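Sequences listed follow chains A and B, in order.
Each residue of the first sequence is one higher than the one before, starting from 48 at the first, in the numbering used here.
Each residue of the second sequence is one higher than the one before, starting from 48 at the first, in the numbering used here.
Note that these hints are calculated values from the structure, not bench results.
A quick note: this is a predicted structure, and the numbers were derived from the prediction, not measured.
Take these hints with a grain of salt, some might be off.
Copies of one chain are not kept apart here, so a pair can be met inside one copy or by any two copies together.
[What the hints assert, rightly or not] The calculated lysine-lysine pairs, modelled on DSSO-like cross-linking and capped at a C-alpha distance of 30 Å, are:
1. 71 - 204
2. 204 - 56
3. 166 - 125
4. 110 - 125
5. 71 - 110
6. 71 - 109
7. 125 - 71
8. 197 - 71
9. 204 - 78
10. 125 - 171
11. 110 - 171
12. 154 - 78
13. 154 - 197
14. 171 - 204
15. 109 - 78
There are 2 protein chains.
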Amino acid sequence: MERDISILKENILFKDLTAEQIRKVLGISRKVVFSENETIMKEGEVGDTLYMMLEGTVEVAKKLVINGMSDQVTGKDKVFTKLSAGQHAMFGEIALLEEHERTATVKAVTDCVLYEIGKDDFLKLAEEDYELGYKILLNLVRVVSSTLRKTLEDTIKLTTVLSIVLEEL
Amino acid sequence: MERDISILKENILFKDLTAEQIRKVLGISRKVVFSENETIMKEGEVGDTLYMMLEGTVEVAKKLVINGMSDQVTGKDKVFTKLSAGQHAMFGEIALLEEHERTATVKAVTDCVLYEIGKDDFLKLAEEDYELGYKILLNLVRVVSSTLRKTLEDTIKLTTVLSIVLEEL
Numbered sequence: 048m049e050r051d052i053s054i055l056k057e058n059i060l061f062k063d064l065t066a067e068q069i070r071k072v073l074g075i076s077r078k079v080v081f082s083e084n085e086t087i088m089k090e091g092e093v094g095d096t097l098y099m100m101l102e103g104t105v106e107v108a109k110k111l112v113i114n115g116m117s118d119q120v121t122g123k124d125k126v127f128t129k130l131s132a133g134q135h136a137m138f139g140e141i142a143l144l145e146e147h148e149r150t151a152t153v154k155a156v157t158d159c160v161l162y163e164i165g166k167d168d169f170l171k172l173a174e175e176d177y178e179l180g181y182k183i184l185l186n187l188v189r190v191v192s193s194t195l196r197k198t199l200e201d202t203i204k205l206t207t208v209l210s211i212v213l214e215e216l
Numbered sequence: 048m049e050r051d052i053s054i055l056k057e058n059i060l061f062k063d064l065t066a067e068q069i070r071k072v073l074g075i076s077r078k079v080v081f082s083e084n085e086t087i088m089k090e091g092e093v094g095d096t097l098y099m100m101l102e103g104t105v106e107v108a109k110k111l112v113i114n115g116m117s118d119q120v121t122g123k124d125k126v127f128t129k130l131s132a133g134q135h136a137m138f139g140e141i142a143l144l145e146e147h148e149r150t151a152t153v154k155a156v157t158d159c160v161l162y163e164i165g166k167d168d169f170l171k172l173a174e175e176d177y178e179l180g181y182k183i184l185l186n187l188v189r190v191v192s193s194t195l196r197k198t199l200e201d202t203i204k205l206t207t208v209l210s211i212v213l214e215e216l
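Please model the complete structure; the sequences and the hints are all you need to start from.
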């Protein structure tokens, strides 16, 4: 447990939390193991769990085009990112707030050990300890805001490329 | 004040807050007035305030292409949305968490009355009253998550269109 805390305290979700507060969150978490090549979450499926990496590497894949709309690009319609425990990575964070379809598929590249937190358990803990709930939400909302800003920049770049291509036609 | 509370309690930021809690938040807010055609915030400028609409209508404009990259589309590079007090609209919510460049320009279409909340005042209040801080953050993060999901869908649509156009070349 103490070894896990020393790794997880570097996770952005736990920024500004005391060891005692981290211990409380781990108390509502499950330590889960996935084997090499196992799928941890699947894009489009509803989920309500967040994952923090303790050991291993995962691959994140996202659909880039609407299925069936563009058959010729099949096989190119995924983007891959690798996340590793060494980066103190986390994923599935939107699910901690709202049960919703996963926006990406995550697969174990190596054997992986993760801590899994469920939405209902988190919300219950937060309502018992508002200070802890507030601190975690503040960390979480900053991650989500930062992802939103990057995604907004992507749409501007895509629209720019599209407008240049359309002018060439 | 009571009339303002009866309007603002419909705002998503105040969901599940008691009248007493709303009053506390208004205590750290400033009631501000903008005249027709006045700019409330400008895309690209750094800001640290959130706005909740009490009266009037605003227009939201966003750059859609990178400046200078595509001269021929000048004039088409904005998208407009109108928000009104009747919709209990709010904007600038990311700024409540992190001082950052505004992602859109907002202009008053009619004379407007708004409540403005500053980041530092909000964070101070939240640390004095974690229950209130937690409830507001939970509402805020759900708004930001929902915007993120819509923006992710936009990038998928844009990539699909782009891949179809590129196949035609």
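Problem - 30 Å Cα threshold - placement of residue 204 relative to residue 71 - result: Cα proximity of residue 71 and residue 204: none, with 42 Å in one copy and 42 Å across.
Problem - Status of residue 110 relative to residue 71 across identical chains (alpha carbons, at most 30 Å) - result: neither (36 Å within a copy, 44 Å between copies)
Handout entry: Homo-oligomer pair classification [residue 125, residue 110; C-alpha up to 30 Å]
Key = Answer is both; intra-copy 5 Å and inter-copy 27 Å each pass.
Exercise for the section: Tell me, please, which holds for residue 125 and residue 71 at an alpha-carbon limit of 30 Å: within, between, both or neither? Expected result: Neither, since 37 Å and 47 Å both go past 30 Å.
Handout entry: Up to 30 Å CA-CA - residue 56 versus residue 204, copy category
Key = neither (35 Å within a copy, 38 Å between copies)
Exercise for the section: Have a look at residue 154 and residue 197 and pick one of within, between, both or neither, based on CA distance no larger than 30 Å. Expected result: both (23 Å within a copy, 24 Å between copies)
Handout entry: 30 Å Cα threshold - placement of residue 78 relative to residue 154
Key = within (17 Å within a copy, 50 Å between copies)
Exercise for the section: At 30 Å max between alpha carbons, let me know whether residue 71 reaches residue 109 within a copy, between copies, both or neither. Expected result: Neither way: residue 71 and residue 109 sit 33 Å apart in one copy and 43 Å across, limit 30 Å.
Problem - Same-copy or cross-copy closeness of residue 125 to residue 171 [CA-CA at most 30 Å] - result: neither (36 Å within a copy, 43 Å between copies)
Handout entry: Same-copy or cross-copy closeness of residue 110 to residue 171 [CA-CA at most 30 Å]
Key = For residue 110 and residue 171, neither the intra-copy (33 Å) nor the inter-copy (41 Å) Cα distance is at most 30 Å.
Handout entry: Intra- versus inter-subunit Cα pairing at 30 Å for residue 204 with residue 78
Key = neither (40 Å within a copy, 37 Å between copies)
Practice task
With 30 Å as the alpha-carbon cut-off, assign the pair residue 171 and residue 204 to within, between, both or neither.
Solution key: Classified as neither: same-chain Cα gap 41 Å, cross-chain 37 Å, threshold 30 Å.
This entry does not satisfy hints 1, 2, 5, 6, 7, 8, 9, 10, 11, 14, going by the numbered hints stated previously.
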